[in-house]
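S.K.: Given only the sequences and the hints, what does the whole structure look like? Please build it.
These protein sequence lines are chains G and Y, in that order.
The opening residue of the first sequence carries number 1 in this note's numbering; numbering runs sequentially from there.
The opening residue of the second sequence carries number 1 in this note's numbering; numbering runs sequentially from there.
Keep in mind that the hints were calculated from the coordinates and are not lab data.
All values reported here derive from a predicted model rather than from experimental measurement.
Any given hint might turn out to be false.
Here are the computed distance ranges between Cβ atoms for each label pair [said to hold, decoys possible]:
| # | chain 1 | residue 1 | chain 2 | residue 2 | range |
| --- | --- | --- | --- | --- | --- |
| 1 | G | 234 | Y | 155 | 25 to 31 angstroms |
| 2 | G | 186 | Y | 122 | 44 to 50 angstroms |
| 3 | G | 84 | Y | 95 | 35 to 41 angstroms |
| 4 | Y | 92 | G | 132 | 28 to 34 angstroms |
| 5 | G | 47 | Y | 39 | 28 to 34 angstroms |
| 6 | G | 116 | Y | 162 | 43 to 49 angstroms |
| 7 | G | 141 | Y | 141 | 31 to 37 angstroms |
| 8 | G | 64 | Y | 39 | 52 to 58 angstroms |
| 9 | Y | 155 | G | 139 | 47 to 53 angstroms |
| 10 | Y | 141 | G | 234 | 32 to 38 angstroms |
| 11 | G | 141 | Y | 53 | 53 to 59 angstroms |
| 12 | Y | 144 | G | 87 | 30 to 36 angstroms |
C-beta atoms are modelled at their ideal positions from N, C-alpha and C, and glycine is treated no differently.
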Amino acid sequence: MSPDSAGKAEKLGYTNVKVYHDGVPEWVKRNYLVLSTQFLKEAWIDKDIPHVLVDVRPAKAAEAGFIKGAVTVPAAEIEKSLAKFPAKDKKAPIMVYDQKGEGDAVKAAKALIAAGYAPVDVVSGGFESWKAAGYPVMTGKLAENIVYVPKPRPGEIAIDEFKKIMASTPADTLILDVRNRDEGNAGMIKGALLVPDEEILDRFAEIPKDKKIVTHCSTGVRAEMAYHKLKEKGYNVSFLNAKVEIDKDGNAKIEKP
Amino acid sequence: MLRKGITCLSLALVSALTIGPALAEEKAPAPAAPAAAQPKPTVAKVCANCHQPQPGSMRGNFDSVAYKTQSIQIKIDDATEILRFDENLKIENLHQVAAEIAEQPLRALKKGKEVRIEYTEKDGKKFASALIAKPPIKIAPEKQVRTEDVEKLVAMGPEKGKYLLIDARPLPRFQDGSIATAVNIPFPAFDKMKDKLPADKASLIVYYCAGIT
Chain G
1 MSPDSAGKAE KLGYTNVKVY HDGVPEWVKR NYLVLSTQFL KEAWIDKDIP
51 HVLVDVRPAK AAEAGFIKGA VTVPAAEIEK SLAKFPAKDK KAPIMVYDQK
101 GEGDAVKAAK ALIAAGYAPV DVVSGGFESW KAAGYPVMTG KLAENIVYVP
151 KPRPGEIAID EFKKIMASTP ADTLILDVRN RDEGNAGMIK GALLVPDEEI
201 LDRFAEIPKD KKIVTHCSTG VRAEMAYHKL KEKGYNVSFL NAKVEIDKDG
251 NAKIEKP
Chain Y
1 MLRKGITCLS LALVSALTIG PALAEEKAPA PAAPAAAQPK PTVAKVCANC
51 HQPQPGSMRG NFDSVAYKTQ SIQIKIDDAT EILRFDENLK IENLHQVAAE
101 IAEQPLRALK KGKEVRIEYT EKDGKKFASA LIAKPPIKIA PEKQVRTEDV
151 EKLVAMGPEK GKYLLIDARP LPRFQDGSIA TAVNIPFPAF DKMKDKLPAD
201 KASLIVYYCA GIT
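M.R.: Now the structure itself:
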């Protein structure tokens with residue numbers, strides 16, 4: 001998009017147009033981003049989009065007024081608190097704020113980036129900007145532990161819920177195994193029906209419409225594809241987004257990929 | 001070298017993106033269920049800035065591949081398309097396929113990568129004959145700036161550095177966080193927001209977006 005925009009600017013007669021082609025993905029490896037309090041509220045907090053909001057002020061100062069959902073990690077303790085943060089490969093968006101959006105938040109953001117976290121946002125104007133905008137202020141003890149749960153994909157069933165269904169499948173529910181026949185022959189969950197994903201479009205008749213269908217495969221990929229095929233046909237369906245290994249007795253080992 | 005932008009000119013105006021505080025709402029929630037009567041889109045909004053729908057071809061974001069069932073899943077906005085393929089699938093513009101996945105090159109595709117898929121449809125089943133990944137847009141080296149350059153500018157600030165840094169991504173991405181001192185002029189809104197550009201045509205303008213796509 002930026003090269004296209006630059007092209008249009010040149011057409012308008014601008015003579016000194018440059019493109020930072022590496023853009024945001026490269027930037028966040030070495031630098032923090034900035035986020036206004038308005039965007040923090042409207043695009044993240046109000047929409048309940050998973051993120052990690054860190055209040056880096058001293059705990060006492062933070063308790064007098066803080067932003068909803070914030071976790072306290074005072075700037076001086078960031079480096080020794082790194083273990084608290086979600087694993088880097090989760091790429092959890094981390095937002096840090098201090099009183100005014102200057103020294104401590106920037107310092108904390110830099111420490112996180114140096115430790116390999118990305119993206120890290122500094123909330124512009126910090127808590128004072130939040131308060132000045134008239135946004136709700138919380139008081140009292142802040143959470144100390146970071147909880148970050150990425151949003152499930154549409155149609156995804158919680159692993160615990162799947163395990164419950166597996167242990168005792170309700171009469172109105174059917175586990176649909178969409179792996180191929182060889183995989184099915186090696187072992188299947190008790191009560192599951194095997195319809196390989198590539199055969200679903202030809203075999204709708206075998207899949208009961210009046211039951212809740214839960215699909216699984218060995219990684220979650222085919223299960224999701226099957227989910228979309230069934231969803232489109234009007235089925236009440238969900239899928240298991242997890243690694244599944246089933247032994248010949250039907251015992252399943254299920255873990256998050 | 002920046003000729004790519006010109007082809008998008010007229011279409012950009014049609015884009016649904018609007019600018020201003022109203023946009024903070026982002027987009028309306030997706031319809032609850034895909035109504036059977038309504039055909040699925042074949043071109044994702046982000047692609048529709050430059051490309052029109054063509055029969056036998058769809059454009060969207062690569063989502064996943066299952067070699068076991070030879071299926072590809074792609075996202076076209078909120079809709080999901082699943083296509084079968086076989087060993088005759090033509091693959092173009094795929095770079096950096098590691099040796100250990102040479103047999104399954106589609107694994108090299110990153111989730112979200114813009115792709116065009118040529119396909120045939122029979123009995124409601126779509127079969128992909130070719131997958132063309134979006135090639136990187138070429139920009140002349142003298143028009144490019146590096147992370148270090150942008151860092152220097154941002155450290156100086158727009159007044160001292162005499163620059164305008166423009167984030168060309170859509171507003172929802174800008175709201176995720178942006179480079180300090182940037183203003184958001186999403187590409188589709190370019191014409192509507194011309195007045196945000198500096199009066200002096202010789203002044204430095206730096207564009208960035210979500211990187212090489």
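S.K.: Hint by hint, note whether the structure agrees.
M.R.: Hint by hint, here is what the structure shows:
1. The supplied range of 25 to 31 angstroms is broken by residue 234/G and residue 155/Y, whose beta-carbon atoms lie about 57 angstroms from each other.
2. Taken as a hint, the range 44 to 50 angstroms is violated for the pair residue 186/G and residue 122/Y, whose Cβ atoms sit roughly 32 angstroms apart.
3. Judged by the Cβ atoms, the range 35 to 41 angstroms given for residue 84/G and residue 95/Y holds: they are separated by roughly 38 angstroms.
4. For the hinted restraint 28 to 34 angstroms between residue 92/Y and residue 132/G, the CB-CB distance of approximately 53 angstroms leaves it violated.
5. Under the hint 28 to 34 angstroms, the C-beta atoms of residue 47/G and residue 39/Y, about 29 angstroms apart, fit the expected range.
6. Between residue 116/G and residue 162/Y the beta carbon distance is about 34 angstroms. The supplied range of 43 to 49 angstroms is therefore violated.
7. Hint check: residue 141/G to residue 141/Y, Cβ distance near 55 angstroms, so the stated range 31 to 37 angstroms is violated.
8. Taking the beta carbon of each, residue 64/G and residue 39/Y are about 57 angstroms apart, inside 52 to 58 angstroms as hinted.
9. A C-beta distance of roughly 36 angstroms is found between residue 155/Y and residue 139/G, which places it outside the suggested range of 47 to 53 angstroms.
10. Under the hint 32 to 38 angstroms, the C-beta atoms of residue 141/Y and residue 234/G, about 54 angstroms apart, miss the expected range.
11. Our hint of 53 to 59 angstroms for residue 141/G and residue 53/Y holds, since their Cβ atoms are close to 55 angstroms apart.
12. A beta carbon spacing of about 34 angstroms between residue 144/Y and residue 87/G agrees with the range 30 to 36 angstroms that was offered as a hint.
The structure fails to meet hints 1, 2, 4, 6, 7, 9 and 10 from the earlier list, while all remaining hints are met.
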